[in-house]
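Asker: So the chains spell out like this:
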Amino acid sequence: MSTEQQIRDYILENYLFTDDQSALDNSDSFLDKGILDSTGILEVIYFIEEEMEIKVEDEEMIPENLDSVNNIVAFIKRKNESD
Amino acid sequence: MQNTLVQLLHNSVDRFPEKTAVIQGETTLTYIELWNKACGVAHYLLRNNFKNNDKASLLLDNSAEYIIAYYGVLIAGGSVIGLNTAAKSRDLVNWIEHSDSKFVFASINHAEVNDVLDILPDNKCQFIFVGLEITKQNDHDWNQIQMNSDLPESCIEWLPDEKLASIIYTSGTTGKPKGVMLSHTNLYENIVSILTYLKLNNNDSIVNVLPFYYSYGNSVLHSHLAAGATLILENSMLYPQKILSVLADKKVTGFSGVPSTFNLILNRTKLADFDLSSLRYMTQAGGPMAPANVERLKKELPGIDFFIMYGQTEASARLSYLPPEQLENKPGSIGKAIPGVRLEIRDENQKAVSISETGEIYAYGKNIMLGYWKDKEATTSVIYDGWLKTGDLAYQDEDDYFYIVGRSTDMIKSGAHRISPKDIEEVILELDGVEEVAVVGVADVLLGQIIKAVVVIAPGYTMDKMKLMRHCKENLASYKLPKNIEFKDEIPKTASGKIRRFMLEK
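Chain order of the listed sequences is A and B.
The first sequence begins at 0 in numbering that gives the first Met the number 0 and counts up by one.
The second sequence begins at 0 in numbering that gives the first Met the number 0 and counts up by one.
To be clear, the hints were calculated from the coordinates, so they are not data collected in a lab.
Be aware that a few hints might be false.
Said to hold, decoys possible - With a cut-off of at most 20 Å between alpha-carbon atoms, the simulated DMTMM-like pairs for lysine to aspartate or glutamate come out as follows:
(1) B:Lys269 to A:Glu63
(2) B:Lys241 to A:Asp31
(3) B:Lys472 to A:Glu12
(4) B:Lys464 to B:Asp488
(5) B:Lys451 to A:Glu12
(6) B:Lys482 to A:Asp8
(7) B:Lys472 to A:Asp57
(8) B:Lys241 to A:Glu59
(9) B:Lys466 to A:Asp18
(10) B:Lys350 to B:Asp409
(11) B:Lys241 to A:Asp57
(12) B:Lys466 to A:Asp8
(13) B:Lys451 to A:Glu42
(14) B:Lys472 to A:Asp18
(15) B:Lys482 to A:Asp18
(16) B:Lys175 to B:Asp409
(17) B:Lys487 to B:Glu435
(18) B:Lys464 to A:Asp57
(19) B:Lys472 to A:Asp27
(20) B:Lys466 to A:Glu12
Using the sequences provided together with the hints, build the complete structure.
Answerer: Here you go:
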């Protein structure tokens with residue numbers, strides 16, 4: 000399964016409580032759409048760290064890296080490339 | 000209008016007309032601009048049949064518009080209901096109807112606003128959509144209504160101190176919502192007291208992340224405006240780095256949070272990376288903060304006054320504070336009563352208990368609410384001879400410092416939210432096949448408590464967690480969603496049928 004799909008499934012299952020793929024657009028802002036709150040974003044970080052085996056540094060916890068499926072996928076790609 | 004919120008704002012407008020009152024992103028508002036726009040709103044309301052003592056609800060996130068509308072309603076002689084913007088349409092409609100709101104100032108972008116309009120009976124109240132071009136029939140243009148800035152003197156004069164200024168709803172999905180009635184005197188007295196112990200002044204500025212619809216955020220808003228300080232609005236703690244950047248870049252002097260706010264800052268940021276040398280004070284309320292975190296914060300931010308505070312919506316916000324110089328001597332304490340407030344620990348017969356003995360906190364002062372809106376029974380169950388029965392269990396040490404040890408009610412405290420288990424149980428019980436449910440709070444390092452629902456499914460039915468959570472998400476505010484669902488064959492009860500909640504809190 001692709002990284003994108005893994006993240007989509009995690010968000011859909013745990014925050015939107017549905018398997019309807021149309022409920023989440025990859026560009027949807029988690030903040031603006033009220034999908035995640037501050038504990039939710041921490042859970043997403045733990046998920047990324049566990050499943051993608053990358054470490055999210057404190058200073059990387061910014062909307063540009065984490066506020067949508069697209070942002071997370073791009074962030075993980077950048078992290079993997081820099082390793 | 001001697002002891003009113005309007006007077007407090009007006010004093011700042013007189014003293015610091017050109018000072019910045021509010022910053023939100025690129026938007027700034029000086030005190031005189033804020034006042035003029037609020038007067039414009041008051042004029043508009045009065046022209047549109049808004050009478051003395053009428054109510055107006057605000058369905059707006061923290062914003063300059065929220066503040067303008069809030070004071071506009073007060074100047075017009077009305078009372079404000081700051082609606083919880085995280086709530087779903089069923090709660091919002093319930094509160095709008097229960098409060099008899101004549102007007103609703105709403106953001107057109109609010110996710111629930113169309114549902115609210117669909118559910119509310121026609122002509123129940125008038126909606127003013129804030130911030131966007133208006134296209135709907137019968138709507139009123141927010142940009143136009145702020146234009147008439149002459150002070151409506153006639154209505155200012157009629158503002159008596161005891162007048163109802165605000166109703167803050169604390170719970171209620173159906174049946175009886177609990178609306179805490181706060182008068183101008185309640186709020187004025189509490190704010191004056193807060194100004195004294197925090198030593199707030201016009202050189203202060205605060206980054207506010209607390210929602211104004213709760214009493215803590217409400218008190219931060221009004222106390223900083225009363226001081227002539229600057230409020231910088233940041234509406235989310237989702238990205239704590241961003242908040243610290245603003246604190247550093249704008250040389251902010253104050254910051255207020257709940258325990259989870261500080262937990263996030265301590266565990267997901269590097270405080271040393273930010274120049275916080277302008278920061279003078281931090282305040283914490285909304286539940287107990289682990290003394291270890293207080294110690295860490297003091298260590299990482301030496302020289303900053305850290306105020307631990309305790310309060311309730313029913314007390315306009317604040318009841319006690321621990322002076323920063325006592326943090327080391329009195330770890331875990333909520334301090335002593337703030338100026339103008341008396342606190343007592345009493346037993347179940349309302350008799351004062353001895354030092355070190357646990358009982359319930361009772362509070363007395365001009366900040367204690369008028370009562371619950373349209374609910375005398377609920378009011379008389381918590382107000383005795385002017386004393387508020389808080390529901391918090393505590394003891395007092397030999398130096399008169401108070402320590403909270405628990406609660407005498409089933410209320411769940413998660414993050415900054417006070418949640419009635421009944422609100423959630425009621426929604427889960429609506430699902431076909433749910434025979435019984437009990438909702439409890441379970442200890443959590445970040446939030447204080449998280450919500451756990453124990454569900455019994457009726458014979459012959461099946462239920463999966465996702466279906467149950469989807470129903471909850473559709474009908475409950477996000478902070479009321481259970482984090483933990485357990486399916487069981489039965490719920491433990493006493494012989495009289497009362498749920499043994501403590502057995503489920505593990």
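Asker: Please flag the earlier hints that this structure goes against, numbers listed from lowest up.
Answerer: Hint check: 7, 10, 18 fail, others pass.
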